[in-house]
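Knowing the structure of chain A, use the given hints to seat chain B on it.
Those sequence lines, one after another, are chains A and B.
The numbering of the first sequence is the working numbering, which starts it at 1 and goes up by one.
The numbering of the second sequence is the working numbering, which starts it at 1 and goes up by one.
Any copy, or any two copies together, can satisfy a pair, since identical chains are not distinguished.
Result set (SDA-like, lysine to any residue): computed pairs, CA atoms no more than 20 angstroms apart in a straight line:
1. Lys-288 / Leu-139
2. Lys-26 / Asp-191
3. Lys-26 / Val-258
4. Lys-25 / Arg-36
Source of the hints: derived by calculation from the structure; they are not laboratory data.
Number of protein chains: 2
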Amino acid sequence: MNKIKRVAIIGGTHGNELTGIYLVKKFAREPNLIARSTFETMALLANPKACEIGKRYIDIDLNRCFLRQDLENPNLSSYEAQRAKEIYHIFSSKNTEHSDLIIDLHSTTAQMGLTFILDSRHPFNLRLAAHLTSFYPNLKVLASGTENEDSSVLRSISKLGCTLEVGAVAQGVLDGTLFQQTEELVGTILDCIEADNQGTIPPVKNPLTIYQKIQSIDYPRNESGELQAMIHPRLQFRDYEPLNPGDPMFLTFDGESVLYEGKSTVYPVFINEAAYYEKGIAMYLTQKQIVISQ
Amino acid sequence: MNKIKRVAIIGGTHGNELTGIYLVKKFAREPNLIARSTFETMALLANPKACEIGKRYIDIDLNRCFLRQDLENPNLSSYEAQRAKEIYHIFSSKNTEHSDLIIDLHSTTAQMGLTFILDSRHPFNLRLAAHLTSFYPNLKVLASGTENEDSSVLRSISKLGCTLEVGAVAQGVLDGTLFQQTEELVGTILDCIEADNQGTIPPVKNPLTIYQKIQSIDYPRNESGELQAMIHPRLQFRDYEPLNPGDPMFLTFDGESVLYEGKSTVYPVFINEAAYYEKGIAMYLTQKQIVISQ
Chain A
1 MNKIKRVAII
11 GGTHGNELTG
21 IYLVKKFARE
31 PNLIARSTFE
41 TMALLANPKA
51 CEIGKRYIDI
61 DLNRCFLRQD
71 LENPNLSSYE
81 AQRAKEIYHI
91 FSSKNTEHSD
101 LIIDLHSTTA
111 QMGLTFILDS
121 RHPFNLRLAA
131 HLTSFYPNLK
141 VLASGTENED
151 SSVLRSISKL
161 GCTLEVGAVA
171 QGVLDGTLFQ
181 QTEELVGTIL
191 DCIEADNQGT
201 IPPVKNPLTI
211 YQKIQSIDYP
221 RNESGELQAM
231 IHPRLQFRDY
241 EPLNPGDPMF
251 LTFDGESVLY
261 EGKSTVYPVF
271 INEAAYYEKG
281 IAMYLTQKQI
291 VISQ
Chain B
1 MNKIKRVAII
11 GGTHGNELTG
21 IYLVKKFARE
31 PNLIARSTFE
41 TMALLANPKA
51 CEIGKRYIDI
61 DLNRCFLRQD
71 LENPNLSSYE
81 AQRAKEIYHI
91 FSSKNTEHSD
101 LIIDLHSTTA
111 QMGLTFILDS
121 RHPFNLRLAA
131 HLTSFYPNLK
141 VLASGTENED
151 SSVLRSISKL
161 GCTLEVGAVA
171 QGVLDGTLFQ
181 QTEELVGTIL
191 DCIEADNQGT
201 IPPVKNPLTI
211 YQKIQSIDYP
221 RNESGELQAM
231 IHPRLQFRDY
241 EPLNPGDPMF
251 LTFDGESVLY
261 EGKSTVYPVF
271 INEAAYYEKG
281 IAMYLTQKQI
291 VISQ
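With the rest of the complex left out, here is chain A (with noise of 0.2 angstroms):
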């Protein structure tokens, strides 16, 4: 494969994500920091305008943009359908063979602690996801689920695409402590990258743990769409834990348990991620998958 010539670090897809939006405001500052020797480096702010009011997005999200039919479309005129062509236009790549690399920063009010999330399970990446579990074993992989399909996210436009998602953290607010985990995670990330394109990166032996969407879930509403039940406090901040059928997932407001009705065990996350009522999904469920690098 050729080398990463470029590398996109990418904050404020989202307007009230705070870490990624002063992250990349340090970097743009000090761009020393994400300088090394055998790629460049950009910072980029994703969605400017929904970062000066706070808010998630103007008109419609930034990071369901990124079809290509939406991108090529001259009739979408939201502000953010227009940035995502801005954006595109930028990298101009999609679904091709190509040498850049986005990273987009995103948290979640979900207890996931520092994820990485990747859509294609190319050997660059499963390389990366190894090495960077390798150094933080807290870290988790998950993956969306979208390789081979057209994807509407941000991270799609870069075929080996990721995005750093980090939490529980609320909407709107700094946590000093995601804030320095993110910084030194995105620091790795671009020394691997640099090894990497030096050929001087070692290779993995231990197996890797993937975490693969496999489909969503909704919180239970009545007819109106109007919710019916919270995440059950017996799930709540358990992302990644096992969810076994029969466990609780939901908890009507007068107070009788949802239980899981799967089959098998599975590993919710996003938990009552906030932005998700609206799109309703209450938490998406995965399966542990182990990888051996090769």
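Below, chain B alone, put in the same frame as chain A:
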């Protein structure tokens, strides 16, 4: 003093604080839960438009719209200014002796657990607070310091008005545990009022601890108003714990600690509340006071 004749349980003063919104909806569906024999209870959604879109407010913060001069100003026409006048007319009683009690339900991204906020140290309020803390030893009592001043918050239209502030919970998120705890606490408040009206409430002998707000502290900012530091990780989620001179308060983006330079121990609250960034408030400092009930 007169008996309490009407209690208003108010939720959704801020449209992204879901605990109060869903509790008020539940009470509206099941009014028997809040009915007591010696007074009327009403459940009111304060800012329905903001609740509908899940934002704190439409135009301005409703919980800063209740200054007498603003309520009487016909030129104020924002949605919240109008809504404040409507709510005020339901009570029509600002700063006069009366028999209405407002309980305003809020949530915060700060780790404030269950907090009972009062403006007035009226014997009724102190009696109620003392009873509640005898039932809930972890409940904190916070005095806002606006006694004898005109106040802009909703609860101020009721002389004995109080707020329940629960957290930490992200904006736009329902936390099952906090929902159930708040519901139970509201029930206990109603029971206490009932017993007080009936003259059957026993005296409380335990001293009452009150945290008295003394000042707000802003984040370090540059001349453009941009943040230059975050809450220090050693202070994050430490609401109501002692902050001593020389203790770290903030952490700059370059990792330098900013220390508390006051002369005496204080007890910060509302540490890193998301909604207060725009208000220039990183936390409130309080003094811890012991009140012997009469």
